[in-house]
Amino acid sequence: MYSWLLKYFPKPYALVLIFIWYFILILLVIYTIDMQPGRFRYLHW
Amino acid sequence: MILQAIFLIVILLSSPLIWSVPNYWKANVMAIITFLLLAWVAPLSVLLMVTVAFLQWSVWKYDFFKSSRSKVIVTVFLPLIPLLVYKWKFATGQWLIPLGLSYYAFRQIHVAIECYKAEMQKPTLLAYLQYLLFLPVILIGPIHRMPDFQRSQRRMKWNASLYSDGLERILYGLVKIDFLGNFLFSTQLTQIARGVHSHALRLYLEVIAFTGNTYFQFAGFSDLAIGAGLLWGIRVMENFNAPFMATNMQDFWRRWHISLSSWCRDYVFQPLAALSRNRWIALISAMLVLALWHEISLRYIVWGSVQAILILLTVNSRKKTPRVSGFINGHPLGRWIGRIWVFHLFAFSCIFIGSENIASLGANFKHIFH
Chain S
1 MYSWLLKYFP KPYALVLIFI WYFILILLVI YTIDMQPGRF RYLHW
Chain F
1 MILQAIFLIV ILLSSPLIWS VPNYWKANVM AIITFLLLAW VAPLSVLLMV TVAFLQWSVW
61 KYDFFKSSRS KVIVTVFLPL IPLLVYKWKF ATGQWLIPLG LSYYAFRQIH VAIECYKAEM
121 QKPTLLAYLQ YLLFLPVILI GPIHRMPDFQ RSQRRMKWNA SLYSDGLERI LYGLVKIDFL
181 GNFLFSTQLT QIARGVHSHA LRLYLEVIAF TGNTYFQFAG FSDLAIGAGL LWGIRVMENF
241 NAPFMATNMQ DFWRRWHISL SSWCRDYVFQ PLAALSRNRW IALISAMLVL ALWHEISLRY
301 IVWGSVQAIL ILLTVNSRKK TPRVSGFING HPLGRWIGRI WVFHLFAFSC IFIGSENIAS
361 LGANFKHIFH
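Just so you know, the protein sequences line up as chains S and F, in that order. Here the first sequence is numbered in our numbering, starting from 1 and rising by one per residue. Here the second sequence is numbered in our numbering, starting from 1 and rising by one per residue.
I should point out that these hints are in silico values taken from the structure, not numbers from a laboratory. Just so it is clear, CB atoms sit at the ideal spot from N, CA and C, and this is done for glycine as well. Take these hints with a grain of salt, some might be off.
Stated by the list, open to error - Derived CB-CB ranges, DEER-like:
1. S:Leu6 with F:Ile337: 33 to 39 Å
2. F:Arg194 with S:Tyr2: 50 to 56 Å
3. F:Ile337 with S:Tyr13: 25 to 31 Å
4. F:Ala118 with S:Pro12: 51 to 57 Å
5. F:Thr321 with S:Val16: 50 to 56 Å
6. F:Val21 with S:Leu5: 35 to 41 Å
7. F:Leu184 with S:Val16: 43 to 49 Å
8. F:Ala242 with S:Leu6: 57 to 63 Å
9. F:Val21 with S:Leu6: 32 to 38 Å
10. F:Trp19 with S:Phe19: 37 to 43 Å
As the list claims (entries may be wrong) - Pairs of lysine to any residue residues, derived as SDA-like cross-links and limited to a Cα-Cα distance of at most 20 Å, are as follows:
11. F:Lys320 with F:Gly334
12. S:Lys11 with F:Lys117
13. F:Lys319 with F:Asp251
14. S:Lys11 with F:Lys319
15. F:Lys71 with F:Val41
16. F:Lys89 with F:Ile281
Claimed, not checked - Computed from the model, here is a short list of chain F residues facing chain S with C-beta under 8 Å:
17. Tyr116
18. Glu119
19. Asn182
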């Protein structure tokens with residue numbers, strides 16, 4: 001799925017980019033679940 | 001969502017067990033886990049599913065009915081009766097629908113018809129229950145097919161990349177449900193719409209928010225089912241194929257809720273087209289079945305009829321205006337015009353299902369043209 005990244009970046013950099021991408025997605029999910037009404041709202045600052 | 005989260009956690013935690021037992025036992029273990037979980041959260045649902053499956057299997061196994069036509073009528077009506085009764089009682093506000101009934105009833109009808117057509121062998125009771133008791137697709141589909149399930153079951157082999165694909169698919173599903181659906185379309189866009197003074201623009205934004213949210217919720221839950229299926233080593237069919245990239249309504253219905261639309265094509269449209277020799281009657285009937293599957297109500301009947309009319313108009317316009325149709329399907333600019341047109345057609349047809357009653361429907365349309 002991410003093989004196209006290898007065309008533009010060496011493997012270690014591509015891996016780092018993929019991990020950053022997953023990190024952003026996981027953060028988005030946690031943040032949007034957390035900010036729904038009635039939730040804990042830990043992430044509100 | 002809470003139930004889906006429980007199902008996902010159970011699938012994730014039980015996946016090491018599934019992969020550590022011998023191949024022959026894998027499907028049995030999956031069915032047992034599903035049975036126990038369903039018996040805990042929705043005992044009526046599992047009782048109904050197993051009873052109907054047992055009765056269908058008895059009809060196939062023992063010759064209570066001599067002709068194959070009687071057999072297929074009985075085995076189709078066995079799951080159809082509880083489905084219709086519960087849908088009707090739900091529509092009148094009396095009963096709740098047992099968990100996943102709409103999906104497993106259609107799976108049971110699919111198996112009954114495929115056995116009648118001799119497209120697949122009559123399953124053993126164990127194989128049939130293994131197919132029905134598959135946790136990833138219990139809650140929100142897709143209506144996957146039994147031959148595909150059995151093929152996937154035979155080819156089950158540990159594959160780390162498949163497992164990571166499953167985890168990734170679940171992550172994308174959660175992003176679609178929570179961020180794109182709940183947050184962006186449902187919360188943010190609706191808030192923006194509330195601040196707009198113009199009635200028409202407010203309704204337009206609300207319609208976009210409703211359609212976007214519906215798509216991302218549904219596509220997200222399908223992603224969760226496909227991802228969870230991969231964790232257990234079973235490939236589940238795709239349910240959405242970028243529907244808003246379709247350039248006409250016919251193409252749209254090949255991409256939106258594929259498992260249900262292909263079910264209606266195979267088991268309503270094709271038999272009725274063959275019997276009546278009139279594909280328009282077959283198409284309207286198929287779209288009505290598709291609509292009534294969601295809910296037995298007037299608004300869904302109207303919505304299904306509108307979808308059928310839009311498909312009819314698409315097919316007719318292709319014959320009447322081949323140059324326009326060629327531009328829409330062939331030229332890059334035409335394709336984008338087609339995509340925007342299809343999105344708006346579908347979004348505005350959703351006003352019928354978004355309206356609580358005829359009065360609110362009338363008010364909605366009045367606001368558009370006011």
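Comparing the hints with the structure gives:
1. S:Leu6 with F:Ile337: 33 to 39 Å: This hint holds: roughly 36 Å between Cβ atoms.
2. F:Arg194 with S:Tyr2: 50 to 56 Å: The hint (50 to 56 Å, Cβ to Cβ) is violated, given that Arg194 (chain F) and Tyr2 (chain S) are roughly 40 Å apart.
3. F:Ile337 with S:Tyr13: 25 to 31 Å: Once the Cβ atoms are compared, 40 Å apart, the range 25 to 31 Å for Tyr13 (chain S) and Ile337 (chain F) is violated.
4. F:Ala118 with S:Pro12: 51 to 57 Å: With a Cβ separation near 56 Å, Ala118 (chain F) and Pro12 (chain S) satisfy 51 to 57 Å, so the hint holds.
5. F:Thr321 with S:Val16: 50 to 56 Å: holds (53 Å)
6. F:Val21 with S:Leu5: 35 to 41 Å: holds (37 Å)
7. F:Leu184 with S:Val16: 43 to 49 Å: Check failed, 27 Å falls outside 43 to 49 Å.
8. F:Ala242 with S:Leu6: 57 to 63 Å: violated (25 Å)
9. F:Val21 with S:Leu6: 32 to 38 Å: holds (37 Å)
10. F:Trp19 with S:Phe19: 37 to 43 Å: Taking Cβ atoms as reference, Trp19 (chain F) and Phe19 (chain S) lie about 25 Å apart, which means the hint is violated.
11. F:Lys320 with F:Gly334: This hinted pair holds, its Cα atoms lying about 17 Å apart.
12. S:Lys11 with F:Lys117: violated (52 Å)
13. F:Lys319 with F:Asp251: holds (16 Å)
14. S:Lys11 with F:Lys319: violated (52 Å)
15. F:Lys71 with F:Val41: With a Cα-Cα distance of about 33 Å, the restraint between Lys71 (chain F) and Val41 (chain F) is violated, given a limit of 20 Å.
16. F:Lys89 with F:Ile281: violated (28 Å)
17. Tyr116: Check failed: Cβ of Tyr116 (chain F) comes no nearer than 40 Å to chain S, outside 8 Å.
18. Glu119: violated (34 Å)
19. Asn182: Interface hint status for Asn182 (chain F): holds (6 Å vs cutoff 8 Å).
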